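**Student:** Note that the protein sequences, when read in sequence, are chains A, B, C and D.
For the first sequence, full-length UniProt numbering begins at 1 and goes up steadily by one.
For the second sequence, full-length UniProt numbering begins at 1 and goes up steadily by one.
For the third sequence, full-length UniProt numbering begins at 1 and goes up steadily by one.
For the fourth sequence, full-length UniProt numbering begins at 1 and goes up steadily by one.
Check each hint, because a few of them may be wrong.
Pairs count within a copy or across copies, as identical chains cannot be separated in the list.
[Stated by the list, open to error] Each computed DSSO-like pair below joins lysine-lysine, with the alpha-carbon atoms no more than 30 Å apart:
| # | residue 1 | residue 2 |
| --- | --- | --- |
| 1 | Lys148 | Lys186 |
| 2 | Lys74 | Lys37 |
| 3 | Lys148 | Lys53 |
| 4 | Lys37 | Lys53 |
| 5 | Lys74 | Lys148 |
| 6 | Lys74 | Lys186 |
| 7 | Lys37 | Lys186 |
| 8 | Lys37 | Lys148 |
| 9 | Lys186 | Lys53 |
Treat the hints as calculated values from the structure; they're not laboratory data.
All values derive from a computational prediction rather than experimental measurement.
Number of protein chains: 4
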Amino acid sequence: MPRPSNTEERRQQIVSGLLRVMSERGYERASVNEIAKAAGLSPGLVHYHFSDKQEILLVLVRQLAARARERVAKRFERLGADDARGRIDAFLDAFLATGADADTSAVAGWVTISAEAIRQPEVRAAYEQVVRADLEQLEALVAVLVGKRKARALAAGLFAAVQGYFVLSASSPGLVPAGSAANTVKHMAAGLLDTSAAREGA
Amino acid sequence: MPRPSNTEERRQQIVSGLLRVMSERGYERASVNEIAKAAGLSPGLVHYHFSDKQEILLVLVRQLAARARERVAKRFERLGADDARGRIDAFLDAFLATGADADTSAVAGWVTISAEAIRQPEVRAAYEQVVRADLEQLEALVAVLVGKRKARALAAGLFAAVQGYFVLSASSPGLVPAGSAANTVKHMAAGLLDTSAAREGA
Amino acid sequence: MPRPSNTEERRQQIVSGLLRVMSERGYERASVNEIAKAAGLSPGLVHYHFSDKQEILLVLVRQLAARARERVAKRFERLGADDARGRIDAFLDAFLATGADADTSAVAGWVTISAEAIRQPEVRAAYEQVVRADLEQLEALVAVLVGKRKARALAAGLFAAVQGYFVLSASSPGLVPAGSAANTVKHMAAGLLDTSAAREGA
Amino acid sequence: MPRPSNTEERRQQIVSGLLRVMSERGYERASVNEIAKAAGLSPGLVHYHFSDKQEILLVLVRQLAARARERVAKRFERLGADDARGRIDAFLDAFLATGADADTSAVAGWVTISAEAIRQPEVRAAYEQVVRADLEQLEALVAVLVGKRKARALAAGLFAAVQGYFVLSASSPGLVPAGSAANTVKHMAAGLLDTSAAREGA
DNA sequence: GATGAATGAGAATTCATTCAT
DNA sequence: CATGAATGAATTCTCATTCAT
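Take these sequences, add in the hints, and give me the full structure.
**Tutor:** The structure is reproduced here in structure tokens:
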């Protein structure tokens, strides 16, 4: 009679431990020992559940992305299926209203991940996959208003603004007026989409 | 007759070495040995010219910022002193026209620095200082058009978009339509500032 | 009614697992986890049936030796009890005809065991015991032809050649002409024993 | 004025340290720390002079082989260039007279290397290269007496006997009559080559 | 100024073994 | 008998920094 498996719970503890330590010390300096300590586990157990440190990071990438998607989905539920403008705002709110201001360590973690994606091919692959999915979702919403031709660039611009707020709020909190991020990006969206839509329509 | 000091040249070589190695391997994995090799110098000499690795990074932060300021200033020369809109576009072009598309390693280096700024207090201080200076410059330009009250938030939004393009182009090149960054942010600026200015003026 | 013991079967699975893994990775790198996996069992069970990793190795030593003895005995059955020359050839064939050419992993395992015997006293003891038994058997056969005085050294020489073929075929397959081992050692035996016997007889 | 390089001396110390420790504990259990201790150096220095543990082993393989070649060459000096039989005996003496009996740790090291060559591709490559060179040298000598057709197999047989003596003397000293190795293999050679030569000539 | 050898403190990772179930 | 989670020591390797020359 084997002991009931608690692997998923343990893996989750470890992933959370990585996020906690990483947001305080960066990925490289997040030693497996400290991750284990933060998770309340022994160091050896980390490598029992994960083949290496990078694998923990990859799970974290997907987990943070999944959380964001859930926030988006939850906001979408309250909106009509054809309210493209409302959905764009909801998308931006989902990322910035609770992302940049609220969950400091998730934002710090995400920015750290972005930087790691520059050189670690597997991290980059995971990062690109989730970014591509988000971008495509936003692009589809934008396309309703301005047409497919311009949608990709405009969506990228809005998404860049979101990512930029993450960076600035993690690296230089205090420089960005508190609570302004979501509103400002929604204004940007309005400016981009209304004038574009107008011109497009003309 | 003492030999003429080549300290400044050596320091520059080392800083450039750090940028090169860092853009390929990140800051933590940029070992002093590799920095020295990239600089064509011996490892020992690095510590003759810099007290520690972090000091090289701090110089690099200021150097990358100075280059950006120069690009801005050069573009300003061609514009009238009262052409606020032109100056905003010039500012954004200075960062994105040559920044995101051209100098890959500088962009990768800058994104890496942003992430390091999250935890290393001295890096954060240097980073914040240059970001604050840039932001204040942009804010002043924006204030001409929309008034001081809203300028900070709007400038922060535009600057966030710039930083976000850096991140995306470094971590996920290919997801952002090539060459679209500068134009999209200028459109954002137009949307933000024209509607704001209009409402402000009304 | 207790369930019927499958201990022997399990032990055999584990020993075979060790041989398989060891022939691919060596003894030290043959982790208990991999041995268990190769045996289709759980890691914990390995230590239920064996007190430690070395004990598995000791059983393997005796098992490989027993297999060789069986091959020798089987070949002896076809020969007259007084055909000393035939028996020597049969002995050599038993080791080399199927040993060096056929069962790659057994040969690799045996060579690995030889090396482990250099430092692990218990492995050495088991190894020496089986080597001594083989040597004494061969020595007795040789003694019939050349007398006791020279038998030990000549038997050792032939046995050394056998062991050497094992090493070469495991470490550098391709350097030894395929299929030549048994014949060459039988020629060696002929040369050694006939000239010795002649001189002895003279 | 840099400190004069002592790299070669250090590398030699480390290689000797590996041989010493390896002959007592095997390759896997020869920890870098102990190698360093045996070499009288700090652990970090080992990795300054060698990229990894395996590189030390590769140098050792070539060094042990070079020593054997030198012993062969020294013995050849005393012989006429056309004395093929004398040269074969000299070759065998060079390996066995001082090899198996005298330099215990070199023999133990070599046997250990043979076993490592089974799985580590780079070790195998280095091992095969030196074995091939030795074999070809012996084959050329043998070919003078028995013709090219049979030379390879006979040379391999004699070389196998040499390697087998190494294994037995390292793993089971006491089972081989002391001092008998060289003579026995020379008798084997005589038996093989004289009967072969006779038949060849007939 | 310059060199590159040297140090020693971590870092990730592996693994035999134990043990609760 | 059986499972597989858990432990903690050991190991290889990296690296900023120092220092003799």
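**Student:** Check each numbered hint against the structure and report the violated ones by number, ascending.
**Tutor:** 2, 3, 7, 8, 9
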